[in-house]
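**Student:** Going down the list, the protein sequences come from chains A and B. Going by this note's numbering, the first sequence runs without a break in its numbering and finishes at 211. Going by this note's numbering, the second sequence runs without a break in its numbering and finishes at 1190.
Simulated from the structure, these hints should not be mistaken for lab results. Here the structure is a predicted model, which means the values were calculated and not measured. Any given hint could turn out to be false.
Derived DMTMM-like pairs: lysine to aspartate or glutamate, alpha-carbon spacing no greater than 25 Å straight-line [as the list claims (entries may be wrong)]:
| no. | chain 1 | residue 1 | chain 2 | residue 2 |
| --- | --- | --- | --- | --- |
| 1 | A | 72 | B | 958 |
| 2 | A | 72 | B | 1005 |
| 3 | B | 1040 | B | 475 |
| 4 | A | 72 | B | 552 |
| 5 | A | 113 | B | 913 |
| 6 | B | 570 | A | 193 |
| 7 | B | 616 | B | 1005 |
| 8 | A | 72 | B | 947 |
| 9 | A | 113 | B | 552 |
| 10 | B | 570 | A | 98 |
| 11 | A | 72 | B | 964 |
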Amino acid sequence: MTRALAVALLVAGAAHAASTADPALTEVMRNLAAVPTARARFTETREVALLKAPLVLTGTLRYERPDRLEKHVLTPYDERVAIAGTEITVENKARGRSQRFSASSNASLLALVESLRATLAGDLPALERYFDVAFEGGARDWAVVLVPRGAETLALIARIRIAGAGDRLRRIDIDEAGGDQSRMSIEDETR
Amino acid sequence: MTRSDRAAVSIWLATLLAGAAWLAMHLVVTTDLSAFLPMAATRSQALLAQQLREGASSRLVLIGVDGADAATLARISGDLARKLRADDAFAIVANGDPALMSADRARVETWRYAMSPGVTADRFTAAGLRDALTLDLELLASPLGAAIKGTLAADPTGELRRLALTFLGQGAPPTTNGVWFAPDGTRALLVAQTKAPGFDAEAQARAVSAVRAAFAAVAPADARLRISGPGSFAAEARHVIAGDARRASIVTSIAVLALLFSAYRSAWPTALSALPALTGMVIGVVAVAALLGPVHAITLAFGAMLIGEAVDYPTYLFANAAPGEPLRETMARIAPTFRLAVLTTAMGALAMLLSSFRGLAQLGVFTMAGVVTAGLVTRFVLPALTPARALERKAARLPFDAIRLVGTARRYKWTLAILLVAACAVIAAHREAPWDDDLANLNPATEAAKALDRELRAQLQAPDVRYALVIRDADRETVLRSSERVDAMLQDAVSRAWLTGFDLPSRYLPSRDVQAARRAALPPPDALAARLATATEGLPFRDGLFAPFLADVERARHAPALDREAFRGTALGLKLDALLFESDGEWIAVAPLVGVRAPADIAQQMRAAGAGVHWLDLKDETGALVAGYREQSLRSIAIGAAAIAVLLGVGLRSVALAARALAPVAIAVVMTVATLLAFGERLTIFHLVAMLLVVGVGLNYALFFNRPRRDDDEGRLTLLAVFLAFAAALIAAMTLAVSVTPVLRAIGLTTALGTVFAFAASAMLSRDR
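All chains should be modelled from the sequences, with the hints used to inform the complete structure.
**Tutor:** Have a look at this one:
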C-alpha cells in the first residue's frame, strides 16, 4: 500500500515538474518579448506531392510587436501578405488582386498565424492555447516544437518547428498532414 | 301567438339552425392578409403577388442565435441545423457549413465545364493554360494551398473555384468556425426554407414552433433565439388577429348586454336582443362563405361591429314600447322609420360589396346580409317571441331630462357651423397627402419585429422583399438567354454599387446556346494534351498529373446538355425551381436582388434589356393598385350616397326631411375625417369602409330623432331608444379601436368618432315637433 502511494507520488511529482515550463523556455520567451520590431530575409522551400520539384520562394519578413506581421514574397512572384491582429490582407500587384479577410473565419489559419506571432512576441500562453509546446535546446540555441491541439488544424498541419538563436528566429519548418513540407531559413535579421 | 307569428318563428328557427349546421360543417377561416390585397391588374403584378404568397422568398425562416461565445454559438448552429434537417417541414436548412452541401458540390463539379463562364476558347490555348497553371503554383505556395490540392489534378483552370465564388459571391455571411455569423461575430445565422407555402399560416406557425423546440433541445439556457421571415409574420398576424377578434366579440357582447339589462331590468328582453344580432352573424357568415369562399378572420372581427349595430334594431323596438303596449303595436308605430333605417344601412354596405378587394367584398356581403337579417328578425320574430309582460319593468325614459337636453343642444346648433369650417380647414391643410397607400402598414407585427426582420435580412444577405426582376416568355431558352443578358447588366450595376448582389437561373442552368459555345471551346484530346505539354514546360508539376483533367474535358465535350434533372434532390435544384418555373403556359425567371441602393438606376438599365424583362417595385405596384382601387371605391360610395338620398326622399316623402336626415351625417363624416387627419392618422381604405358604416348608423339616429311623435312621453321613449343604440355602437367601436390589428383599429377609431359626431349633430339639428 505504502509502496503504491510512493510510486503515485513520484509519478505525480514528475508530471508536475514537466508541466512547469522549462526555465530555458521561459528565458527564451522573455528575450523574444523584449524585441519591438524585426526585419529579415527568408528563403522558403516547399515540397508538394503534386510537384516534381520543390517550390523556392524568397522574400522579406517583418514583425512589429505585438501582432503585426508581414511576409513579402519577392521571387518567383510578388505577393505581400500582411497580418494585423486577426485581419489578413493579401496583395498581388501583378494580378491586380487585393483580398482582405479575417483569420477568425478559419481555425487552422488562425493557429498558423499564431504559431509565428506568439513565438515572436514571446507569448507562451497564446502558443499553448493552440499547440502542445515542446522545447529543445537552451536559451542560446533553441527550438520549439508545436503540435496543434485542435482536430481541424491537426488534419492539415502535423507539426511546426521554430528554431532560433537568442532572440532571433532562424528556421521555421512546417510538416503538413498530407506529407507536404515547408522549410524556411531566415537570415540577416536587422532591428 | 297568431298563425303568422308561428310561421315567422318557425322560418327563423329553421333558417338559423340550418345556417349554423352548414357553418359547422363547411366553415373555413383564413388569416391570410393577401385577401385584403387588391386583385392584380397586370400579369406581372399577379406574379409578384403569387411570389409573395407562395414563392421561395415567402417560405424563408430567418434564424439568429446569440447570447453566447462564438464557439458555443457555432456548436448550437450545427446541432440546430442537423435537427431541423431531420424535420420534414423543411426543404432546405443552411448554416454555412460546407460539409452539408456535398451533394451540390458533386453536381457542380460534374457539370463545371457547362456552367462556368470561364470556359472560353482563349482559356484552353497553350498561353491560357500556362496562365492558369502559374496561378495554381502561387496558390500552392500559400499556407492555404490545401484548398486547391484536392482539385488541381482535375481542374487546373479553376472552374470549380470560379463557380464557388460566383455562388457565394452573390452574398453570403462571413463564416467563423465553419458556420455563418453576423459581421460583428455576436450572432450565428441560419436560414431554413419550409415546404409549405408562405400563405399557409397554420403550417408556418408549426414550422416556427419546430424551430423553437429544436433550439430548446440543443441550446444552453442563456443563448437566445431570434426568428423572422414572412412565415413568422403570418403566424404572428394570425395570433394577433385571432386575439383581437376574440376580445372584441366577448367584451362587446358582455358590455352591451349589461347596458340593455340596465334599461329593460328584465332578463327576457335583454336575452332576446341578442337574437337578431346572432342570426345576422350566422346568416352573414353563411352568405360570405357561400358566395366568396374562405371567411377572413378580420371579417369575423367585424362581426363585433355588427353586434353593436344589429342590437340597435331590437333596441329601437323594445325601448320604444310604451308601458303596457303590445309589441305588435309598437312595431306598427315605428315601422316606417324602422324600415328606412334598415334599408339605408344596407345601402351603405353596398359600396363595399361591389369592390374588387376580396376582403372588402366579404365585409360588404357580411354587413348587408347581417343587417337585413337582423332587421327581419326584429320586425317579425321578436314581437312573436316576447311574452306580454316581459317589458313591464322597462324604463320609459332616460334617468335625466333628455327632452330638455336635446332642446338645449338645438340652441347650440350654430357651433356646428364653426366646427364644420374648422374641419374643412383641417382637411384642406392635409389635402396633399391624406391617404396612406402603403400596404406594409397593414401588417400587425410590432415595430420591434419588423426591425429584427430587417436586421436578420441584412446580416443573412437575404433578397430584398421590395424589388424583383421578372423575365417572362413562352419559350424557356429565350428566358434563359435574356437571363444571361441581364446577368451582364446586373454585374455592371453591382460594380457601380447600385446593388450588392443578385441571383439568376442562368447561373445554374445556362442556355443551350451558351452551353454549346462552351462545349465548342473545349479542345479535342490530342490538341489539349499538346497545349498542356507546352504550358507545363518549365513548371514543376509532376508528369501525368493532369490526366484526370484531360479525361474530364473529353467527357464534357460529349456530354448531353445540362438540364434541371441534373440538380434533382440537391439544394441547388430547389433554388433553381424557385428561380425558373412554368406558370400559365409561360416560363418565368425571377431574379432576387440583394441590397438594392439605386432602384431608379437599375430600372432605367433594365428598360434596355428587351421585352420580357420586367422590373417590379412591390411597394409602388401595390400603392398604385390601392390608389386605383380607392378611386373606384370613392365612385361607388358616391353612387351609394345618391341611392341613400333617393331612398330617403321616397321613404320620407319629402326632400326637406331627407335633407334634415342627411345633414348631420354629412357633418359627422367631415368632422371625423378632420379629426383623424388632425391626429396624424393617415386614411386607408378601411377608414373609408368604416365611414360607410357611420353613415348607415348615423342615419338611424337622424331618422329616429326626427320621427313624428304624438306627445312628450313618446318623445322620451324615442330618446331612450336612440341613446341606448348610440351607447351600444360606441362600446363596439371603442373595443375595436384598441385592437392591435391596424385594420380593426382603423375601423374602430373611425366608427367611434363618427357615431359620436353623428349623434350630437342629429340631436342638434333635429326638428322641434
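**Student:** Does residue 552 of chain B sit within 25 Å of residue 113 of chain A, going by the straight-line distance between their CA atoms?
**Tutor:** Holds: residue 113 of chain A and residue 552 of chain B sit about 15 Å apart, inside 25 Å.
**Student:** Take a quick look at whether residue 570 of chain B and residue 98 of chain A sit within 25 Å of each other, Cα to Cα.
**Tutor:** holds (22 Å)
**Student:** Can the restraint linking residue 1040 of chain B and residue 475 of chain B be considered satisfied, given a maximum Cα separation of 25 Å?
**Tutor:** Holds, at about 18 Å.
**Student:** Residue 570 of chain B and residue 193 of chain A: Cα distance at most 25 Å?
**Tutor:** Given that 25 Å is the threshold and the Cα spacing comes to 20 Å, the pair holds.
**Student:** For a C-alpha distance cap of 25 Å, please report whether residue 113 of chain A and residue 913 of chain B respect it.
**Tutor:** holds (23 Å)
**Student:** Take a quick look at whether residue 72 of chain A and residue 964 of chain B sit within 25 Å of each other, Cα to Cα.
**Tutor:** holds (8 Å)
**Student:** Has the given pair, residue 616 of chain B with residue 1005 of chain B, been kept, meaning a C-alpha gap of at most 25 Å?
**Tutor:** Roughly 22 Å between the alpha carbons, so the hint for residue 616 of chain B and residue 1005 of chain B holds.
**Student:** Does residue 552 of chain B lie within 25 Å of residue 72 of chain A when you go C-alpha to C-alpha?
**Tutor:** The hint holds at about 19 Å.
**Student:** Please work out if residue 72 of chain A and residue 958 of chain B have their alpha carbons no farther apart than 25 Å.
**Tutor:** With a Cα-Cα distance of about 12 Å, the restraint between residue 72 of chain A and residue 958 of chain B holds, given a limit of 25 Å.
**Student:** Please verify whether residue 72 of chain A and residue 947 of chain B have alpha carbons no more than 25 Å apart.
**Tutor:** holds (24 Å)
**Student:** Measure nothing beyond the straight line between the CA atoms of residue 72 of chain A and residue 1005 of chain B; if it is 25 Å or shorter, mark the hint as holding.
**Tutor:** Distance ~60 Å between residue 72 of chain A and residue 1005 of chain B Cα, so the pair is violated.
The structure is inconsistent with hint 2 alone, although it conforms to all the rest.
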